[in-house]
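> Listed below are the residues making up each chain.
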Amino acid sequence: MPEPTSPNAGDAQVWGTARVKRGMAEMLKGGVIMDVVTAEQARIAEDAGAVAVMALERVPADIRAQGGVSRMSDPDMIDGIIQAVSIPVMAKARIGHFVEAQILQSLGVDYVDESEVLTPADYANHIDKWAFTVPFVCGATNLGEALRRITEGAAMIRSKGEAGTGDVSNATMHMRRIRQEIARLSSLPADELFVAAKELQAPYELVREVAETGKLPVVLFTAGGIATPADAAMMMQLGAEGVFVGSGIFKSGNPAQRAAAIVKATTFHDDPDVLAKVSRGLGEAMVGINVDEIPQPHRLAERGW
Amino acid sequence: MRGPVIGVLALQGDVREHLAALTGVGVDARPVRRPAELDAVDGLVIPGGESTTMSKLVDIFGLREPVDKRIAAGMPVYGSCAGMIMLAAEVLDGRPDQRGFAGIGMTVRRNAFGRQVDSFEAPVRVAGVDGPAFHAVFIRAPWVERVDPGVEVLGRVTGGPAVDRVVAVRQGNLLATSFHPELTGDLRLHRYFADLVAAAR
Numbered sequence: 000m001p002e003p004t005s006p007n008a009g010d011a012q013v014w015g016t017a018r019v020k021r022g023m024a025e026m027l028k029g030g031v032i033m034d035v036v037t038a039e040q041a042r043i044a045e046d047a048g049a050v051a052v053m054a055l056e057r058v059p060a061d062i063r064a065q066g067g068v069s070r071m072s073d074p075d076m077i078d079g080i081i082q083a084v085s086i087p088v089m090a091k092a093r094i095g096h097f098v099e100a101q102i103l104q105s106l107g108v109d110y111v112d113e114s115e116v117l118t119p120a121d122y123a124n125h126i127d128k129w130a131f132t133v134p135f136v137c138g139a140t141n142l143g144e145a146l147r148r149i150t151e152g153a154a155m156i157r158s159k160g161e162a163g164t165g166d167v168s169n170a171t172m173h174m175r176r177i178r179q180e181i182a183r184l185s186s187l188p189a190d191e192l193f194v195a196a197k198e199l200q201a202p203y204e205l206v207r208e209v210a211e212t213g214k215l216p217v218v219l220f221t222a223g224g225i226a227t228p229a230d231a232a233m234m235m236q237l238g239a240e241g242v243f244v245g246s247g248i249f250k251s252g253n254p255a256q257r258a259a260a261i262v263k264a265t266t267f268h269d270d271p272d273v274l275a276k277v278s279r280g281l282g283e284a285m286v287g288i289n290v291d292e293i294p295q296p297h298r299l300a301e302r303g304w
Numbered sequence: 000m001r002g003p004v005i006g007v008l009a010l011q012g013d014v015r016e017h018l019a020a021l022t023g024v025g026v027d028a029r030p031v032r033r034p035a036e037l038d039a040v041d042g043l044v045i046p047g048g049e050s051t052t053m054s055k056l057v058d059i060f061g062l063r064e065p066v067d068k069r070i071a072a073g074m075p076v077y078g079s080c081a082g083m084i085m086l087a088a089e090v091l092d093g094r095p096d097q098r099g100f101a102g103i104g105m106t107v108r109r110n111a112f113g114r115q116v117d118s119f120e121a122p123v124r125v126a127g128v129d130g131p132a133f134h135a136v137f138i139r140a141p142w143v144e145r146v147d148p149g150v151e152v153l154g155r156v157t158g159g160p161a162v163d164r165v166v167a168v169r170q171g172n173l174l175a176t177s178f179h180p181e182l183t184g185d186l187r188l189h190r191y192f193a194d195l196v197a198a199a200r
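Top to bottom, those sequences are chains A and B.
If you read the first sequence in numbering that gives the first Met the number 0, its first letter stands for residue 0, the second for the next number, and so on.
If you read the second sequence in numbering that gives the first Met the number 0, its first letter stands for residue 0, the second for the next number, and so on.
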């Protein structure tokens, strides 16, 4: 069972606690969160059974193609999406851009993604996420990075993958790596956890908690390059608790049908008969880019530290 | 005689927390995603999650009719948050195509307390459950706006902007809360439900 994360509040009501922030992510488990750039796309996502939508100005594939500095979306566009759907709405802020995050909180978004998909605003510091009522999700490529984000107040982690590619290999690598590093921690004798914390560049208390429970203290989703129902199911089988799909849906031939298929595949990720059925007749998947062919400076997963 | 078997509807949401809470009160707890799995349980928990997503998956995977039939035959069901919405005869601020099970004669308002920034923790006493108030966790939670005769109100918000709003109800073998006892390690409500399931067998 989760540990209490806030003191007993007596008769008082309390808002913005770690428990309501982390709890929100618990409610998204087993679900699919879809990138949308218009209210119309948000409606399609909700119709398909998305548990939440991620409002952004351009999907990662377009950010990659068009280049330039990528920022928080226009508040009017985010408002339009909030009005269009009844499911939770997330939105992205640049790494370290705490004022974009303040604006998103003021707009009433349900989760802020401090995202490497946008151009970082600070190459030294991430946002102090404890200072907010709205919860944050952050990307990670390994356990140390995940624990540093949690230390800063992230209430949900997603593996980064390589956004906007339709190439799932980096998402696979990041999920496997995080899982392996957690398994290794759990196997260490207690007196070796101090050095493990030093190596992970994460606080000892958090490292010990992960070693004891065998899991992160927050929900772990996957993201980056997921384009098919099979991709989503594989990530679930690798230990993801849910799936973010970015460009994979609205850059494909039939977004509504593909979105619904990915939702079903996420729930029945361990049932090949269901997966075979939902994988039929989806039309063209997004045109992919192999991560290997992207020059190093243009790899989004390497933003953040 | 074996103890009761309680399923957790495992289409989406905080399934693991409910399974852990039920196991914690000594129940044989199992995830339910298919009609055959439903046949093997004596009671069902509908977890927290996204009710619009659950509603769709219930239809797609053929669970609506089997669950409705079991409810009609007296199977105990407990719903938390989205699970409360799934048990409500009428839902306000839902999607037009959103449907719950043929459950409790009540009207609930979805996301009634507001958006995630309005999510909160507060003490709530539940009638029939001994001990101190629950440390209740409300996450984009619904509240109950109206109940039919025969629906017992078990708990209300005790302070703040939503004071006196109904957040825990029971009708026969059906139980629903707006909040998430499964997130706090307080197992009293799961014990209450397990007793209800044992008594109904």
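Hint data in this document are derived by calculation from the structure and do not stem from the laboratory.
We put the CB at the ideal spot given by N, CA and C, even for glycine.
Be a bit skeptical, because a hint or two may be false.
Which chain B residues stay away from chain A? Per the calculated CB distances, all over 12 angstroms, these [as the list claims (entries may be wrong)]:
| id | residue |
| --- | --- |
| 1 | Gly12 |
| 2 | Leu37 |
| 3 | Asp41 |
| 4 | Gly127 |
| 5 | Gly149 |
| 6 | Gly159 |
| 7 | Glu181 |
Stretches of chain B that chain A covers, calculated by requiring three or more beta carbons in the stretch to come under 8 angstroms of a beta carbon on chain A [said to hold, decoys possible]:
| id | stretch |
| --- | --- |
| 8 | 2 to 11 |
| 9 | 61 to 72 |
| 10 | 84 to 91 |
| 11 | 102 to 115 |
| 12 | 188 to 199 |
> Work down the list of hints and note, for each, if the structure agrees.
Each hint, compared with the structure:
1. Gly12: violated (6 angstroms)
2. Leu37: Label holds. Min Cβ-Cβ 15 angstroms, cutoff 12 angstroms.
3. Asp41: holds (23 angstroms)
4. Gly127: holds (21 angstroms)
5. Gly149: holds (30 angstroms)
6. Gly159: violated (4 angstroms)
7. Glu181: violated (8 angstroms)
8. 2 to 11: holds (count 3)
9. 61 to 72: violated (count 0)
10. 84 to 91: violated (count 0)
11. 102 to 115: holds (count 4)
12. 188 to 199: violated (count 0)
Hint compliance for this structure: hints 1, 6, 7, 9, 10, 12 are broken, all remaining hints hold.
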